[in-house]
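Participant: Below are the chains, spelled out letter by letter.
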Amino acid sequence: MKPSEEQLQAYLDDELAAAERAMVDDYLARNPEAAEQLARYRRDAEALRQELTALPQAANPALHPFAVRRELKARRRRRFATAATLVLALGGGWLGGSQWQSHLYAKATLPMNDAVEAYKLFSQAPGDAISQAQLTALFNDHFKGASLPPELSNYGLKRVSAELMATAEGPAAMVLYRNDEGQALLYFIRPPGPRHHLLPKGQRQDGGLLARYWSDSDFNYALVSPHDSPLVPSGPFGSI
Amino acid sequence: MNELDSVIVDQLPSLRRFALSLTRTPYDADDLVQGTVEKAILGWQQRQRGGAVRPWLFSILYRHFIDGQRRAGRFKKLMQLFSGDEGETATLEQQLEEDHSLALFARLPEQQRSILVLVSVEGMSYQEVSEALDIPMGTVMSRLSRARQAYRQLLEEVPAQSNAKGRLRVIR
Chain V
1 MKPSEEQLQA
11 YLDDELAAAE
21 RAMVDDYLAR
31 NPEAAEQLAR
41 YRRDAEALRQ
51 ELTALPQAAN
61 PALHPFAVRR
71 ELKARRRRRF
81 ATAATLVLAL
91 GGGWLGGSQW
101 QSHLYAKATL
111 PMNDAVEAYK
121 LFSQAPGDAI
131 SQAQLTALFN
141 DHFKGASLPP
151 ELSNYGLKRV
161 SAELMATAEG
171 PAAMVLYRND
181 EGQALLYFIR
191 PPGPRHHLLP
201 KGQRQDGGLL
211 ARYWSDSDFN
221 YALVSPHDSP
231 LVPSGPFGSI
Chain H
1 MNELDSVIVD
11 QLPSLRRFAL
21 SLTRTPYDAD
31 DLVQGTVEKA
41 ILGWQQRQRG
51 GAVRPWLFSI
61 LYRHFIDGQR
71 RAGRFKKLMQ
81 LFSGDEGETA
91 TLEQQLEEDH
101 SLALFARLPE
111 QQRSILVLVS
121 VEGMSYQEVS
131 EALDIPMGTV
141 MSRLSRARQA
151 YRQLLEEVPA
161 QSNAKGRLRV
171 IR
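Each protein sequence line maps, in turn, to chains V and H. When we follow the UniProt record's numbering, the leftmost residue of the first sequence carries the number 1, and every step to the right adds one. When we follow the UniProt record's numbering, the leftmost residue of the second sequence carries the number 1, and every step to the right adds one.
Read the hints as simulated data drawn from the structure, not as lab findings. Hints may contain errors.
Think about it this way: if two alpha-carbon atoms lie no more than 16 Å apart in a straight line, the pair counts; the simulated EDC-like pairs of lysine to aspartate or glutamate are [as the list claims (entries may be wrong)]: (1) V:K73 <-> H:E38; (2) V:K2 <-> V:D26; (3) V:K158 <-> V:D180; (4) V:K2 <-> V:D25; (5) H:K39 <-> V:E71; (6) H:K39 <-> H:D5.
Construct all of the structure, not just a fragment, from the sequences and the given hints.
Facilitator: If you want it as structure tokens, here you go:
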């Protein structure tokens with residue numbers, strides 16, 4: 001009986017059970033060519049083993065499990081350190097970011113620019129006198145703790161309108177005064193800027209307009225008037 | 001030293017030989033072995049108990065090699081795309097005389113090299129090889145048969161060619 005190719009290989013590698021082994025022995029005894037082929041395979045294997053095992057292996061301490069364990073530990077530490085740094089960076093970034101944002105806001109936004117814009121839009125708008133009661137109600141609803149815009153009849157000014165406006169930080173309001181000559185004074189109140197950005201007391205000229213501004217602890221204020229005719233001194237508005 | 005470390009230390013020469021037969025460059029081989037030791041250490045606790053450690057180590061190495069080949073293949077394609085060259089380091093064939101039997105061995109396909117090394121050089125049983133390469137026993141035997149035939153054919157062909165060259169030189 002002719003053994004299969006696999007059986008011959010298994011014979012060579014001593015992987016056959018006794019009965020099969022005897023069968024192959026018997027076959028090889030009758031087939032010298034097959035026996036010679038197996039002998040060549042055996043010599044090839046032995047030569048390969050000798051050549052490969054004779055190849056010099058350069059010392060490499062990095063392969064020792066001790067070195068690998070040490071490297072693994074070092075990597076874990078580095079990872080932890082990286083994670084910690086990342087947390088710090090994110091935290092620092094958030095803090096730094098918020099301060100930076102505030103700084104940017106201050107740099108990019110002219111103080112009370114929305115008051116100036118409101119003046120440009122509404123100074124010529126028609127309006128009727130607005131009562132003290134209406135004004136008080138508006139401020140109680142939206143600007144608790146803020147000082148009410150005063151009566152300025154002494155300066156020839158009449159309150160002609162009060163309007164609520166929206167800003168990203170919350171409601172703002174303008175109160176428009178006008179004199180008989182049609183000159184307008186705008187009182188503007190709004191919440192502090194992003195990150196509670198309050199204003200130092202100051203004033204700035206914007207084209208033909210003058211914006212005077214200040215803050216208390218809760219709100220930013222501005223008075224906007226023609227530059228060459230401020231209409232009122234700072235006094236009546238308290239803080240300014 | 002714990003059980004795993006002592007087996008690793010014991011098997012390092014064999015693992016390096018097996019790695020060299022796969023990668024064919026000593027540098028890549030040691031890189032492969034280092035990765036294998038690392039994976040073995042990390043995977044030791046999760047290992048299913050009962051199996052022999054040696055084939056387990058070889059199977060880690062082999063899997064690591066195959067994964068690396070896939071990555072290297074993608075990387076090589078990418079590099080060729082940019083540089084147009086192969087970017088290979090000196091291989092076993094290039095380091096040896098072309099008719100050296102190890103250089104011939106290195107010409108065999110990877111599947112035949114790996115099975116010949118494990119059986120003929122490392123003396124593993126078919127069962128161990130089946131575990132190390134993650135192939136059925138039947139495949140171990142058929143692959144081994146093809147590998148031996150292919151290797152024998154190379155050994156018979158190439159020296160004949162170099163003898164022929166030698167004779168030509170004499171005639172000149």
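Participant: Next, verify each hint and record whether it holds.
Facilitator: Status of each hint after checking the structure:
Simply put, K73 (chain V) and E38 (chain H) have alpha-carbon atoms about 11 Å apart, close enough for the 16 Å limit, and the pair holds. A hinted pair counts as satisfied when its Cα atoms are at most 16 Å apart, and K2 (chain V) with D26 (chain V) qualifies at roughly 10 Å. For the given pair, K158 (chain V) sits about 9 Å from D180 (chain V) by alpha-carbon distance, which is consistent with the 16 Å threshold. Between K2 (chain V) and D25 (chain V), the direct Cα distance comes to roughly 11 Å. Compliance with the 16 Å bound is thereby established for this hinted pair.
For the given pair, K39 (chain H) sits about 13 Å from E71 (chain V) by alpha-carbon distance, which is consistent with the 16 Å threshold. Among the hinted pairs, K39 (chain H) with D5 (chain H) is consistent with the structure: their alpha-carbon atoms are about 12 Å apart, no more than 16 Å.
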